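Heads up: the protein sequence lines correspond to chains A and B, in order.
In this text, residue positions in the first sequence follow this note's numbering: the first is 1, and each later residue adds one.
In this text, residue positions in the second sequence follow this note's numbering: the first is 1001, and each later residue adds one.
Hints may contain errors.
[Said to hold, decoys possible] Below are the DSS-like pairs computed for lysine-lysine, each with C-alpha atoms no more than 27 Å apart in a straight line:
| id | chain 1 | residue 1 | chain 2 | residue 2 |
| --- | --- | --- | --- | --- |
| 1 | A | K44 | A | K205 |
| 2 | B | K1021 | A | K250 |
| 3 | B | K1021 | A | K138 |
[Unchecked claim] Quick list of the computed label-pair ranges, beta carbon to beta carbon:
| id | chain 1 | residue 1 | chain 2 | residue 2 | range |
| --- | --- | --- | --- | --- | --- |
| 4 | B | S1053 | A | P194 | 40 to 48 Å |
| 5 | A | K63 | B | S1017 | 48 to 56 Å |
| 6 | B | L1124 | A | L383 | 31 to 39 Å |
| 7 | B | I1019 | A | R3 | 38 to 46 Å |
| 8 | A | G141 | B | G1065 | 47 to 55 Å |
| 9 | A | A192 | B | M1015 | 53 to 61 Å |
| 10 | B | E1026 | A | Q368 | 39 to 47 Å |
| 11 | A | R3 | B | L1124 | 27 to 35 Å |
It is worth saying that the hints were derived from the structure and are not from the lab.
The structure presented is a predicted model; accordingly, all values stated were derived computationally and were not measured.
By construction, the Cβ of each residue, glycine as well, lies at the ideal position given by its N, Cα and C atoms.
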Amino acid sequence: MERPLTRNIKPNADPLWLTEYEKAGGYESVRKALRTMAPPDIQKLVTDSTLRGRGGAGFPTGKKWSFVPMGPDAPRPKYLVVNADEMEPGTFKDRLLLEGDPHQMIESMIVSAYAIQADVGYIFLRMEYGIAAARLRKAIGEARAKGYLGRNLLGSDFSFDIYLHTSAGRYICGEETALLNALEGKRAIPRAKPPFPQVVGLWGKPTIVQNVETLCNVPHIITHGVEWYRHLSRGKDGGTKIYGVSGNVKRPGAWELPMGTSIREILEEHADGMRDGFAFRGLLPGGASTAMLVEEHLDLPMDFESIPQGGSRMGTGTMILLDDQTCPVGFTQNLEHFFAQESCGWCTPCWEGLSWTERILQSLEDGQGRMEDIDVLAMHTKLLGPGRTFCALAPGAMDPLQSLLKYCRADFERHIHERRCPWGNGRDGADGARIWPVSSSMIVPTR
Amino acid sequence: MIENSGLSTYNYLMMLSDIEKAEIEEELSHYPDKQAACVEALKVVQRHRGWVSDESLKSVAALLGMTCDELDGVATFYNLIFRKPVGRHVILLCDSISCWTCGCDAMRKSLQARLGISMGETTLDGRFTLLPIVCLGACDRAPTMMVDDDLHGNLTTEKVDRVLEQYP
Chain A
1 MERPLTRNIK PNADPLWLTE YEKAGGYESV RKALRTMAPP DIQKLVTDST LRGRGGAGFP
61 TGKKWSFVPM GPDAPRPKYL VVNADEMEPG TFKDRLLLEG DPHQMIESMI VSAYAIQADV
121 GYIFLRMEYG IAAARLRKAI GEARAKGYLG RNLLGSDFSF DIYLHTSAGR YICGEETALL
181 NALEGKRAIP RAKPPFPQVV GLWGKPTIVQ NVETLCNVPH IITHGVEWYR HLSRGKDGGT
241 KIYGVSGNVK RPGAWELPMG TSIREILEEH ADGMRDGFAF RGLLPGGAST AMLVEEHLDL
301 PMDFESIPQG GSRMGTGTMI LLDDQTCPVG FTQNLEHFFA QESCGWCTPC WEGLSWTERI
361 LQSLEDGQGR MEDIDVLAMH TKLLGPGRTF CALAPGAMDP LQSLLKYCRA DFERHIHERR
421 CPWGNGRDGA DGARIWPVSS SMIVPTR
Chain B
1001 MIENSGLSTY NYLMMLSDIE KAEIEEELSH YPDKQAACVE ALKVVQRHRG WVSDESLKSV
1061 AALLGMTCDE LDGVATFYNL IFRKPVGRHV ILLCDSISCW TCGCDAMRKS LQARLGISMG
1121 ETTLDGRFTL LPIVCLGACD RAPTMMVDDD LHGNLTTEKV DRVLEQYP
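Next up, chain A with everything else stripped away, as it sits in the complex:
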């Protein structure tokens, strides 16, 4: 089984630095692209490969690139931004790629930038990924010294350089237009679309924002071709996918597997099933903002086309398990706490609605809920759904809520009837102050 994205990554080992990386075939795609291909050729290749965005939305990458103005009259400079602000709870796949093979990230950016004729690239990295930051800095330095970055790459007339931007922690920065505001040094609030960033992006110039894993596919498509790439997959969308599993399974982890591998295979063969003493109840297939799936969905292939048949989305492809020892109401409360805290505060339905959702869930967990609360929560899944808020954060928060209300309704009702959390959480169990504000705002001055 081929695993192009992680082929150089060995657990607990240093990544390949420039000389070894080149020996392993690294930067081959840059030579091939700059010497034998025109930018539209690469764009066509990526479109034909059926590569779709791995950041959660699954938008076809070639199509995204096709909106970028090309030719001598296109506004300059153009930007390529890597979204490495991996903060979706349950998601740890981009960390693997950034720490494990930093030169692959640089190579991916160079060939992608060439395809859209970008002049400058930024890696927007979350602050907590310090190891990734150090390794990327070193890789950028090595690449620059070798002439892979800078003016006239490999003697061509294409110039491109990369800068690392480390952020300071806020989930909304993963939203592409909020990310652009963050990069400009403004509060990271999403922008209205249209205009789309491909046309009016960073400092008003054409900009492509792309997830780490998505971009890492591009060199391999260039080197090995479309046929090879599509055959890596078991489904309609080409390539491999880094799937992850976390929660109470025997072997939590992340694995690069053919796109379209079934949930069951990932759970049972790679994560080795549930830990002893824990039974499966459900899973969020691709991060905190995806709707829960249950037993009947386990044979669905993990791809963009199939997971919606179960009423969810593949999202980031990193699953979060709900087991029988975990309270589903507490589980939901934890998710909604995250979204309430990370709401940027720009639009009222989101910051007001999510705060109330969290508080209602907390009162249910504390054994103080009423039956009407379930109706209020269900109503919120509509009121904060798609089209009601400025960006996708609140609708993303509602997907797990509506699915947990659907599959675990009896557990919500038990909290009301028994006036306590049957799992022992809530006011008397997990002691007080469960609603924690953003870390920076809760620092108590020292005496």
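Use these hints to put chain B onto chain A, whose structure you have.
Just chain B, lined up with the frame of chain A:
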């Protein structure tokens, strides 16, 4: 609103050390616009001083040509820019979903008991500040926490004790 203490822009710039100014200048060279470097600049100050005081914030604002309120609007937006003093070491305990299902509540109780503080507080000796953080992207090692720049995973209450000893 940050009080204006009457110092001129020039005086505020004098408050930054040469190293801080050099590090901020380096960041400025990456962007076509000064404001873009503001988060990095705040982090430079925080790295050297532990937190961002009003005076530091005014200095950075003066250097980047921003108003103080504009810069504070950015600073307070982020989880990891500290606008109040913190201890020598900052513990960031992940409270997101995978860590929660794997027992981060027990780690929190253990940390609070061991340090004698609640979330958000600093130990009396100024050694540790304890804060929650969102998903650290290491869910395969849940429960997790960071102390300063280091990630610690697969935590147990015993392991938490051993980890703390590494930070005098």
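Evaluation of the provided hints:
no. : hint                            : verdict
1   : K44(A) to K205(A)               : holds (23 Å)
2   : K1021(B) to K250(A)             : violated (50 Å)
3   : K1021(B) to K138(A)             : holds (23 Å)
4   : S1053(B) to P194(A): 40 to 48 Å : holds (42 Å)
5   : K63(A) to S1017(B): 48 to 56 Å  : holds (49 Å)
6   : L1124(B) to L383(A): 31 to 39 Å : violated (46 Å)
7   : I1019(B) to R3(A): 38 to 46 Å   : holds (44 Å)
8   : G141(A) to G1065(B): 47 to 55 Å : violated (30 Å)
9   : A192(A) to M1015(B): 53 to 61 Å : violated (39 Å)
10  : E1026(B) to Q368(A): 39 to 47 Å : violated (54 Å)
11  : R3(A) to L1124(B): 27 to 35 Å   : violated (51 Å)
In summary, the structure is inconsistent with hints 2, 6, 8, 9, 10, 11 from the numbered list given earlier, while agreeing with the others.
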